[in-house]
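Given only the sequences and the hints, what does the whole structure look like? Please build it.
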Amino acid sequence: MTPDRMKEMLDVDRVIHEPARLLIVALLAGVEEADFLYLLNQSGLTKGNLSSHLAKLEESRYVQIEKTYRGKVPLTVVQLTRDGRVAYHGYRKQMNGLLSK
Amino acid sequence: MEQLPNLKGIETRPQRHWNADGLPELMMGILWAIWGVVILVPDLLPKNSLLNTFKPAVFVLLMFGGFASNWLTRKLKMRYSIPRTGYVKIAQPRGAAFIGAIVVGIVITMIIVGLASFRPGHGDLAAPGGALLLAAGFVVGAVRYDMIHFYWLAGSAVILGVAVSAARLNLTEGLAAVLFGVGIVCAVIGAFRFRGFLRDNPPQTATQL
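Quick mapping for you: the protein sequence lines, in order, are chains A and P. Residue numbers for the first sequence, in the numbering used here: 1 to 101. Residue numbers for the second sequence, in the numbering used here: 1001 to 1209.
Derived by calculation from the structure, the hints in this document are not laboratory data. Don't take every hint at face value.
30 angstroms max Cα-Cα, derived BS3-like pairs, lysine-lysine [said to hold, decoys possible]:
{"id": "1", "chain 1": "P", "residue 1": "1089", "chain 2": "P", "residue 2": "1075"}
{"id": "2", "chain 1": "A", "residue 1": "56", "chain 2": "P", "residue 2": "1008"}
{"id": "3", "chain 1": "A", "residue 1": "67", "chain 2": "A", "residue 2": "56"}
{"id": "4", "chain 1": "P", "residue 1": "1077", "chain 2": "A", "residue 2": "47"}
Facing chain P, from chain A, some residues (calculated, C-beta under 7 angstroms) [unchecked claim]:
{"id": "5", "residue": "26"}
{"id": "6", "residue": "27"}
{"id": "7", "residue": "32"}
{"id": "8", "residue": "33"}
{"id": "9", "residue": "34"}
{"id": "10", "residue": "35"}
{"id": "11", "residue": "37"}
{"id": "12", "residue": "38"}
Positions of the beta carbon are idealized from the N, C-alpha and C atoms, including for glycine.
Laid out in structure tokens, this is it:
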């Protein structure tokens, strides 16, 4: 393995690289926004696990979380930010490049 | 070699999720069946009747029906689907995808108009041609979003196209038959899927972090 390639592997975005967060970001990449229940059903994560990963993504400014109500029902709406979208597509490109070499 | 997870497959899940409850097919089917009946109305009106002045209203009604169906689908999803499997807003096509959708729409319209004027006075190729285009659209949807039931809809569109062609119906009658027939099949499939969706997904309350 060349030093350049090793450096490239070490430069992978660690926030997105974590499998659960990668799944969340990939789910959000195909939509404008989704709620907590949708992500819970689609990811198969537990509520606590999903909450903590979303908090981490929000901390990195990759997702924007809005707590709102639909009628009397509480609703947590999540959307990928511009930074998150750029980071996700960058990660995909980087990994595809690394794994195809 | 290690493989990345199928990220493309994950990204197309929302589209499958949107159709999972069968409501889009149910509402679209009902709309098409109604369209199939309504487009026959202008031909059924007696000549020299005052009612003929309302002919343009039929086309406004068709357009309005499309918007109304879309609105009603969203309302029903809000009531039945979102409390069960969650809310998701599909991204609208932008940039190249948006232009591509417009180009496909224009090409389809040109093909149908071309088929309608290919044999002036008969126009009996437009309805079978439209049915085949509809079938092609269903096949694309089935492959792209992995929705098997779209093959059934494609099959029904092909059968109706062939039947309309064999029966040598005129343009209006042919389009009415295709819209009504595919609409009924679509609505029935949608209704079965909706029933299965309600049975398999009880309402949940976990929507807050």
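Hint by hint, here is what the structure shows:
1. P:1089 - P:1075: Roughly 14 angstroms separates the two Cα atoms, so the pair holds.
2. A:56 - P:1008: Holds - the C-alpha atoms of residue 1008 of chain P and residue 56 of chain A are around 23 angstroms apart, at most 30 angstroms.
3. A:67 - A:56: holds (17 angstroms)
4. P:1077 - A:47: holds (23 angstroms)
5. 26: holds (4 angstroms)
6. 27: holds (6 angstroms)
7. 32: With Cβ-Cβ at 4 angstroms, under 7 angstroms, it holds.
8. 33: At about 5 angstroms, which falls below the 7 angstroms cut-off, the nearest Cβ of chain P leaves the hint on residue 33 of chain A intact, so it holds.
9. 34: Holds, because the Cβ-Cβ distance from residue 34 of chain A to chain P comes to roughly 4 angstroms (cut-off 7 angstroms).
10. 35: holds (4 angstroms)
11. 37: Because about 3 angstroms separates residue 37 of chain A from the closest Cβ in chain P, which is inside the 7 angstroms limit, the hint holds.
12. 38: Status holds, d = 3 angstroms.
The structure shown violates none of the earlier numbered hints.
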